[in-house]
Amino acid sequence: AQSVSQHNHHVILSEAASLELGCNYSYGGTVNLFWYVQYPGQHLQLLLKYFSGDPLVKGIKGFEAEFIKSKFSFNLRKPSVQWSDTAEYFCAVIPPRGGYNKLIFGAGTRLAVHP
Amino acid sequence: ETGVTQSPTHLIKTRGQQVTLRCSSQSGHNTVSWYQQALGQGPQFIFQYYREEENGRGNFPPRFSGLQFPNYSSELNVNALELDDSALYLCASSYSANTEAFFGQGTRLTVV
Chain Y
26 AQSVSQHNHH
36 VILSEAASLE
46 LGCNYSYGGT
56 VNLFWYVQYP
66 GQHLQLLLKY
76 FSGDPLVKGI
86 KGFEAEFIKS
96 KFSFNLRKPS
106 VQWSDTAEYF
116 CAVIPPRGGY
126 NKLIFGAGTR
136 LAVHP
Chain V
15 ETGVTQSPTH
25 LIKTRGQQVT
35 LRCSSQSGHN
45 TVSWYQQALG
55 QGPQFIFQYY
65 REEENGRGNF
75 PPRFSGLQFP
85 NYSSELNVNA
95 LELDDSALYL
105 CASSYSANTE
115 AFFGQGTRLT
125 VV
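Residue numbers (the working numbering), protein chains in the order written: chain Y, 26 to 140; chain V, 15 to 126.
Among the hints, erroneous ones may be present.
Stated by the list, open to error - Label-pair restraints from in silico Cβ distances:
id : chain 1 : residue 1 : chain 2 : residue 2 : range
1  : V       : 53        : Y       : 93        : 29 to 35 Å
2  : V       : 66        : Y       : 36        : 38 to 44 Å
3  : Y       : 96        : V       : 24        : 39 to 45 Å
4  : V       : 22        : Y       : 86        : 29 to 35 Å
5  : Y       : 102       : V       : 113       : 21 to 27 Å
6  : Y       : 42        : V       : 97        : 27 to 33 Å
7  : Y       : 54        : V       : 91        : 30 to 36 Å
8  : V       : 32        : Y       : 94        : 42 to 48 Å
9  : V       : 110       : Y       : 42        : 35 to 41 Å
10 : Y       : 42        : V       : 73        : 37 to 43 Å
11 : Y       : 139       : V       : 110       : 37 to 43 Å
12 : V       : 53        : Y       : 121       : 43 to 49 Å
13 : V       : 29        : Y       : 36        : 33 to 39 Å
Claimed, not checked - Covered by chain Y, according to a simulated footprint, are these stretches of chain V (three or more residues, beta-carbon under 8 Å):
id : stretch
14 : 51 to 62
15 : 113 to 122
Quick caveat, the hints were computed from the structure, so don't treat them as lab data. Using N, Cα and C, we set each Cβ at its ideal position, and we do this for glycine too.
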């Protein structure tokens, strides 16, 4: 079945460690790609998005993601995490020929950053 | 704050009952999408409304229905509630059907 896969369900890091969260999708053709973050008790917020152009996308709060078409991947990275990055992170895709803003989400990765 | 507000924030219903959840979209947004987020999972697309008409539907049974009003606010109705309907229901609004979606904080529905 076509889907979005996030490989790590839980990640624990110390402050200043580097972060990479994996995301793979199984749709062929042109897709729109997103990373959303959900801080404890808050709504889903958009971190960054890729529609076209430069495959290295810069987002808010120092996050970036790289679209690698040949690998069907859109991994999220941050060079140095902070305690305030503790949250749940969701990769999402608008599949090709969606015709509407139907986001297909991965199951999420829960990140805990320890001081 | 995204400007998308949902009510109520929490709700407890009994199996077999009906429920209505409400969403006010961000100013200027004419598209509203609803998602169901079960515990430990990512949100799943229920349906989308664009200018008061359903504009796409996910893999949910007909007892999940919706409305969009002329002011672009929206309702999600669920009939004959089942225990598995317990979840966080998210509303997202966007300027059009193919632009960035802004999410509300959700309604936590518990079916007992």
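Here is how each hint holds up against the structure:
Here the CB-CB span from residue 53 of chain V to residue 93 of chain Y is close to 32 Å, well matched to the stated 29 to 35 Å. One distance hint, 38 to 44 Å for the beta-carbon pair residue 66 of chain V and residue 36 of chain Y, holds here, with the actual separation near 42 Å. Under the hint 39 to 45 Å, the C-beta atoms of residue 96 of chain Y and residue 24 of chain V, about 41 Å apart, fit the expected range. In this structure the hint that residue 22 of chain V and residue 86 of chain Y lie 29 to 35 Å apart at CB holds, the actual value being about 31 Å.
Restraint check, residue 102 of chain Y to residue 113 of chain V: a C-beta distance of roughly 25 Å satisfies the suggested window 21 to 27 Å. Between residue 42 of chain Y and residue 97 of chain V the C-beta distance comes to about 40 Å, which lies outside the given range of 27 to 33 Å. Distance hint check for residue 54 of chain Y and residue 91 of chain V: the Cβ-Cβ separation is about 34 Å, which falls inside the suggested range of 30 to 36 Å. At roughly 45 Å, the beta carbons of residue 32 of chain V and residue 94 of chain Y sit within the given window of 42 to 48 Å.
Look at residue 110 of chain V against residue 42 of chain Y: about 39 Å separates their beta carbons, and that is inside 35 to 41 Å. Between residue 42 of chain Y and residue 73 of chain V the C-beta distance comes to about 38 Å, which sits within the given range of 37 to 43 Å. In this structure, residue 139 of chain Y and residue 110 of chain V meet the distance hint of 37 to 43 Å, their C-beta atoms being roughly 42 Å apart. Separated by about 30 Å at the C-beta atoms, residue 53 of chain V and residue 121 of chain Y break the suggested range of 43 to 49 Å.
One distance hint, 33 to 39 Å for the beta-carbon pair residue 29 of chain V and residue 36 of chain Y, holds here, with the actual separation near 37 Å. Counting residues of the stretch 51 to 62 of chain V whose beta-carbon sits less than 8 Å from any beta-carbon of chain Y gives 7, enough to reach three: the coverage restraint holds. By the rule of at least three residues with a Cβ nearer than 8 Å to a Cβ of chain Y, the coverage given for the stretch 113 to 122 of chain V holds, with 8 such residues.
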